[in-house]
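A.B. asks: Chain by chain, the residues:
2 protein chains.
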Amino acid sequence: MKGWVGKLDEVAASARSHVCVGLDPDPALLPVADVLAFNRTIVDATRDLVCAYKPNLGFYEALGMAGLEALQATVRHIRSVAPGVVIVGDAKRGDIGSTARAYARAMFEVWDFDAVTVSPYLGRDSIEPFMAYEDRGAIILCRTSNPGARDIQDLPTGSGPLYLRVAELIESWNVAGNLGMVVGATYPEELAEVRAAHPTLPLLVPGVGAQGADVSKAVRAGAGRMLVSSSRGLIYASRDPDRYAEAAREATETLRAAINAALETD
Amino acid sequence: MKGWVGKLDEVAASARSHVCVGLDPDPALLPVADVLAFNRTIVDATRDLVCAYKPNLGFYEALGMAGLEALQATVRHIRSVAPGVVIVGDAKRGDIGSTARAYARAMFEVWDFDAVTVSPYLGRDSIEPFMAYEDRGAIILCRTSNPGARDIQDLPTGSGPLYLRVAELIESWNVAGNLGMVVGATYPEELAEVRAAHPTLPLLVPGVGAQGADVSKAVRAGAGRMLVSSSRGLIYASRDPDRYAEAAREATETLRAAINAALETD
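If you read the sequences in order, they're chains A and B. For the first sequence, the residue numbers in this note's numbering are 1 to 266. For the second sequence, the residue numbers in this note's numbering are 1001 to 1266.
Hints may contain errors.
With the Cβ distance kept under 8 Å, some of the chain B side facing chain A (calculated, not the full set) [unchecked claim]: (1) 1056; (2) 1068; (3) 1105; (4) 1106; (5) 1122; (6) 1123; (7) 1124; (8) 1141; (9) 1144; (10) 1146; (11) 1149; (12) 1150; (13) 1151; (14) 1155; (15) 1165; (16) 1166.
Derived CB-CB ranges, DEER-like [said to hold, decoys possible]: (17) B:1250 / A:37: 25 to 33 Å; (18) B:1176 / A:196: 20 to 28 Å; (19) A:16 / B:1232: 21 to 29 Å; (20) B:1254 / A:197: 47 to 55 Å.
For the record, the hints were derived by calculation from the structure and aren't laboratory data. Ideal Cβ placement from N, Cα and C applies to all residues, glycine included.
Modelling step: build the complete structure from the supplied sequences, incorporating the hints.
C.D. replies: Printed below as a string of structure tokens:
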């Protein structure tokens, strides 16, 4: 397995970790003012315990140009201190072919992400430009972790709910082997259904921690290639400027252990 | 009618125009190297002929930090020389509630767009933060203009194709009166269906010009509050550095006249 999926397999095995740390700088929660210094400290404190970092672009865009500069420097820092760790750009982009090509260039050539989250709503030609980067890839929204996931993703389609049809489409598009899916930990039954039908696709599983999902239920449901993602629950484990790095490490270690324990007792 | 929809009504009436000019800087097509100079020239040449400008963020992100700075300066330029014209940020964002709040802050407070395109896939809580800015608004993807639109948007749901269910949801969410929908000009039958069911919602109708839709068919199908959007067909009407401004003005005037003629003969 080459590309970002091979990189994921390697780091998951060597770090014995399915933990993906969401790097989401929220001014209301940050223990220090400097976003880049905060991210660097979190990365330095957790880099041997994780398979991936996942900055969500919304939080950086909300900080304007300075936020985007901090994002760029954060990616460079991860590349330098943790070159084996996967970097997922959580961007949830999705546009028509010609624009999707521009977004793919932005995500892979400007920001240097290994993989990027994208929306399936515009169909195959909106995903193809991301698939064309063979060493990179796209993680496509399937069944998300939020309450509103039900509004559209659960609509009946004649052969099961929409999210299962989307999962089938993603599998059928995955000729280059560089696609994955987002399935929220907050809905373990739906997660189990998707995993049963698609045993080898990498699953990005957000929703543990602040969103309140039961870790061991979710992990058993999604077992396999899996990035279990938490943001607020890890990086804001303490908001004490003198203790937040240590607290983030402890919270990450605790999540890693809980995931591994759930997988072993399976 | 207040907010961005009121602004649209006013400029559409005063400029007698439904034309939305897409400002999509593509290095392979630009007649001059400087994106900001190009955008300023296009805006200055067309500002009395349009109801809206629509920069697509993908093209600016692909140019890195310099592209994003050009976007910021472009918005400021439009505000200064064409304060009555609507600025749509074509961003197609869509994320869970807490992140959607960050994106709404980015789109309205950092970039200063009047309205922003968003994806419906994550449901109501992904849209609410945009609706909360009462003088701004969200234009939600319904039936897009690209070939892949069929893959997911046309799936049967038991009561019609998905895009019609999405349109109903958008109407039901529109308590603040600041939502609109994207429906591609390339599918005039679907456009007519959506318009018949939702006579007052603003429709952003891309796909005329380079994407090849029949203008008069699309315009008659979507008649009402409508932004008819073209990018490449207008801004790259000529790639001659000495003539592109004049050519963009001529192409915009021609599109405006074609739209108005189609509406009058209806």
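A.B. asks: All the hints need checking, so say for each whether the structure fits it.
C.D. replies: Right, here's what the structure says about each hint:
no., hint, in the structure
1, 1056, "holds (6 Å)"
2, 1068, "holds (6 Å)"
3, 1105, "holds (4 Å)"
4, 1106, "holds (4 Å)"
5, 1122, "holds (5 Å)"
6, 1123, "holds (3 Å)"
7, 1124, "holds (5 Å)"
8, 1141, "holds (6 Å)"
9, 1144, "holds (5 Å)"
10, 1146, "holds (4 Å)"
11, 1149, "holds (6 Å)"
12, 1150, "holds (7 Å)"
13, 1151, "holds (3 Å)"
14, 1155, "holds (5 Å)"
15, 1165, "holds (6 Å)"
16, 1166, "holds (7 Å)"
17, B:1250 / A:37: 25 to 33 Å, "violated (53 Å)"
18, B:1176 / A:196: 20 to 28 Å, "violated (41 Å)"
19, A:16 / B:1232: 21 to 29 Å, "violated (50 Å)"
20, B:1254 / A:197: 47 to 55 Å, "holds (51 Å)"
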